Amino acid sequence: MSRTTYREALRQGLREALARDPRVFLMGEDVGRYGGTYAVSKGLLEEFGEQRIRDTPLSELAFVAAGIGAALGGLRPIVEVMTVNFSLLALDPLMNTAATLRHMSGGQFSVPLVVRMATGAGRQLAAQHSHSLEGWYAHIPGLRILAPATLEDARGMLWPALQDPDPMLLFEHGALYNLEGELDEREVVDIHSARVRRAGTDLTLIAYGGTLGKALSAAEQLAGEGISAEVLDLRVLRPLDDATILASVRRTRRALVVDEGWRSGSLSAEIIARIVEQAFYDLDAPPARVCSLEVPIPYAKHLEEAALPQVPGIVAAAKGLLG
Amino acid sequence: MIAPVPYPQDFALGLLHDMLRIRRLEERAAELYGEGKIRGFLHLYIGEEAVAVGALHALAADDAVVATYREHGHALLQGVPMNAIMAEMYGRQAGCSHGRGGSMHLFDARTRFFGGNAIVAGGLPLAVGLALAERMLGGNRLTACFFGEGALAEGAAAESLNLAALWQLPVLFCCENNLYAMGTALARSQAQTDLCAKVQAFGVPARSVDGMDVVAVHEATRAAVEQVHAGHCPCFLEFRTYRFRAHSMFDPELYRDKAEVEEWKKRGPIHSYSAQLKAQGLLDEPGFLALEAEAAAEVEAAVAFAEAASLEPVETLMNDVYTPERSP
Numbered sequence: 001m002s003r004t005t006y007r008e009a010l011r012q013g014l015r016e017a018l019a020r021d022p023r024v025f026l027m028g029e030d031v032g033r034y035g036g037t038y039a040v041s042k043g044l045l046e047e048f049g050e051q052r053i054r055d056t057p058l059s060e061l062a063f064v065a066a067g068i069g070a071a072l073g074g075l076r077p078i079v080e081v082m083t084v085n086f087s088l089l090a091l092d093p094l095m096n097t098a099a100t101l102r103h104m105s106g107g108q109f110s111v112p113l114v115v116r117m118a119t120g121a122g123r124q125l126a127a128q129h130s131h132s133l134e135g136w137y138a139h140i141p142g143l144r145i146l147a148p149a150t151l152e153d154a155r156g157m158l159w160p161a162l163q164d165p166d167p168m169l170l171f172e173h174g175a176l177y178n179l180e181g182e183l184d185e186r187e188v189v190d191i192h193s194a195r196v197r198r199a200g201t202d203l204t205l206i207a208y209g210g211t212l213g214k215a216l217s218a219a220e221q222l223a224g225e226g227i228s229a230e231v232l233d234l235r236v237l238r239p240l241d242d243a244t245i246l247a248s249v250r251r252t253r254r255a256l257v258v259d260e261g262w263r264s265g266s267l268s269a270e271i272i273a274r275i276v277e278q279a280f281y282d283l284d285a286p287p288a289r290v291c292s293l294e295v296p297i298p299y300a301k302h303l304e305e306a307a308l309p310q311v312p313g314i315v316a317a318a319k320g321l322l323g
Numbered sequence: 001m002i003a004p005v006p007y008p009q010d011f012a013l014g015l016l017h018d019m020l021r022i023r024r025l026e027e028r029a030a031e032l033y034g035e036g037k038i039r040g041f042l043h044l045y046i047g048e049e050a051v052a053v054g055a056l057h058a059l060a061a062d063d064a065v066v067a068t069y070r071e072h073g074h075a076l077l078q079g080v081p082m083n084a085i086m087a088e089m090y091g092r093q094a095g096c097s098h099g100r101g102g103s104m105h106l107f108d109a110r111t112r113f114f115g116g117n118a119i120v121a122g123g124l125p126l127a128v129g130l131a132l133a134e135r136m137l138g139g140n141r142l143t144a145c146f147f148g149e150g151a152l153a154e155g156a157a158a159e160s161l162n163l164a165a166l167w168q169l170p171v172l173f174c175c176e177n178n179l180y181a182m183g184t185a186l187a188r189s190q191a192q193t194d195l196c197a198k199v200q201a202f203g204v205p206a207r208s209v210d211g212m213d214v215v216a217v218h219e220a221t222r223a224a225v226e227q228v229h230a231g232h233c234p235c236f237l238e239f240r241t242y243r244f245r246a247h248s249m250f251d252p253e254l255y256r257d258k259a260e261v262e263e264w265k266k267r268g269p270i271h272s273y274s275a276q277l278k279a280q281g282l283l284d285e286p287g288f289l290a291l292e293a294e295a296a297a298e299v300e301a302a303v304a305f306a307e308a309a310s311l312e313p314v315e316t317l318m319n320d321v322y323t324p325e326r327s328p
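In order, the protein sequence lines correspond to chains A and B. Heads up, the final residue of the first sequence is numbered 323 in the UniProt record's numbering, and it's a clean run with no missing numbers. Heads up, the final residue of the second sequence is numbered 328 in the UniProt record's numbering, and it's a clean run with no missing numbers.
No lab work stands behind these hints, which were simulated from the structure alone. It is possible that some hints are incorrect.
Result set (SDA-like, lysine to any residue): computed pairs, CA atoms no more than 25 Å apart in a straight line [as the list claims (entries may be wrong)]:
id: 1; chain 1: B; residue 1: K258; chain 2: B; residue 2: F244
id: 2; chain 1: A; residue 1: K319; chain 2: A; residue 2: R274
id: 3; chain 1: A; residue 1: K301; chain 2: A; residue 2: T37
id: 4; chain 1: A; residue 1: K42; chain 2: B; residue 2: W167
id: 5; chain 1: B; residue 1: K278; chain 2: B; residue 2: K258
id: 6; chain 1: A; residue 1: K42; chain 2: B; residue 2: L166
Please read these numbers as outputs of a predicted model, since none were measured by experiment.
Generate the whole structure from the sequences, applying the supplied hints.
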């Protein structure tokens with residue numbers, strides 16, 4: 001165990017990957033001299049040099065697509081996109097090339113690319129830096145979507161992601177970078193399963209990324225009121241780990257999804273649909289969800305807080321489920 | 001008339017033969033489209049053959065090629081078997097993309113043919129990435145990227161040209177300027193119609209070439225390949241060419257005069273090149289007919305192959321959305 005932050009854990013994962021495999025390199029805006037927009041890659045330029053820590057122009061489309069090309073050419077690129085909002089400039093190569101190439105070529109070309117980006121709100125960055133669009137990406141066959149919410153996952157998801165031959169999108173919630181705690185270096189990290197972060201018997205809170213901490217806080221409050229909430233961390237948003245989700249919900253018979261994405265056509269909708277399709281007769285109450293309000297995320301602190309899932313809202317929704 | 005052909009007879013006739021192979025393949029594909037054997041979009045390269053033939057004969061066999069949705073000729077010249085191309089257009093299992101791609105998405109890992117990209121300008125940044133990998137892995141192969149002049153209106157092209165120049169990557173950008181982006185003439189869509197000037201502004205050396213003259217294309221490409229290797233830099237060639245047929249099989253061609261098409265046809269690359277070969281005594285009419293017959297026979301064999309090829313079983317539909325775990 002060692003004391004560290006989510007940011008440092010990500011950097012540790014990057015450093016280990018760069019040291020282990022000479023084909024791995026990092027590119028993106030300000031990853032080198034600036035040290036990374038969120039300081040994740042600070043110091044790596046000095047350690048690994050300009051060839052492997054590449055500052056790019058402000059050309060999201062080209063450097064993401066060049067990452068695809070470099071992956072086809074035999075490298076293992078890690079592409080950093082500053083925020084998920086900017087990744088929309090690269091939606092074409094991600095959707096039309098990375099996700100399609102293997103199938104469209106009849107299985108000839110895999111794309112072993114990892115794209116990291118910040119997602120989510122909570123830092124008063126307003127409507128062009130704060131959205132949670134990972135649910136959109138989770139819609140796309142051919143991509144794998146990861147959402148590390150713990151120090152262990154921040155450090156440990158990158159290496160197995162690089163070992164995977166298919167394109168992998170890794171979403172780092174912006175509010176987590178300063179998360180501090182004890183990192184368990186012995187924990188084995190996979191990129192396939194959801195995980196129970198707190199065991200409980202009365203209902204399951206299903207969360208990921210930036211909402212995991214809020215769900216855990218809500219569970220703690222609920223415990224004080226005699227309600228035993230299980231907290232499930234999705235970790236992998238595509239493909240969803242149905243088995244673990246359903247096993248938990250069948251046990252607790254109640255499900256509440258906490259998703260910072262918008263409600264309509266969302267990841268939360270997909271999860272609830274799967275629960276209803278597969279575990280309808282095991283439920284004691286209709287599944288429920290706490291999502292962001294359907295508004296562009298505003299700047300002012302009190303407005304932003306009101307737009308996002310918050311602990312009191314989660315607690316109230318949980319109590320509502322228990323009647 | 002075009003310039004004298006400076007090549008030995010074998011090579012000179014090889015260029016003609018390859019243009020005929022592409023022409024005949026596509027004429028037959030158009031017929032098969034009419035018969036309903038080939039569906040989806042079918043974009044014909046007829047009129048532009050001198051570009052693919054002249055350029056690809058200047059590349060090394062292991063150079064990478066990235067092309068567009070008008071890529072039958074490039075695939076064929078890069079070494080994708082005609083049988084596999086025809087079977088792909090038929091949507092058959094023996095197709096080079098197992099029936100997943102069709103006419104617009106021919107792929108072949110063996111010959112380093114990276115598609116078959118139907119997003120205009122989508123191939124440029126991909127080529128930049130392939131060249132980046134080659135540079136970082138210490139290789140010496142270049143990446144040739146074909147695209148139309150319409151691609152230069154896309155942000156992806158501007159970003160890619162900048163990135164290739166900034167990182168001095170071995171990309172040969174081959175612009176097939178056939179004057180129309182689908183139905184929109186160059187001057188109606190780009191304020192700067194001097195494409196070389198536009199590209200030079202990014203710091204990429206650029207040159208304009210008569211794309212109807214296979215010799216001019218070949219010589220310019222050879223020089224550009226040398227420049228890429230010697231200068232460790234990208235290079236851009238504008239091939240001025242013309243599409244004789246419609247954009248796709250759905251195009252009624254309302255946007256250009258028939259007289260303009262006829263005028264360009266007079267400069268048809270096969271016609272003018274074979275006339276020059278005859279003038280130089282490198283070819284006679286029976287020789288021409290023999291080459292044509294050989295191309296036609298290859299095409300008919302490919303049609304027979306595709307007709308006989310089996311359909312990909314529906315049970316395999318979901319294969320290759322992800323890589324099977326056994327693969328490295």
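Evaluated hints:
no.: 1; hint: K258/B - F244/B; verdict: holds (10 Å)
no.: 2; hint: K319/A - R274/A; verdict: holds (22 Å)
no.: 3; hint: K301/A - T37/A; verdict: holds (22 Å)
no.: 4; hint: K42/A - W167/B; verdict: holds (22 Å)
no.: 5; hint: K278/B - K258/B; verdict: violated (29 Å)
no.: 6; hint: K42/A - L166/B; verdict: holds (23 Å)
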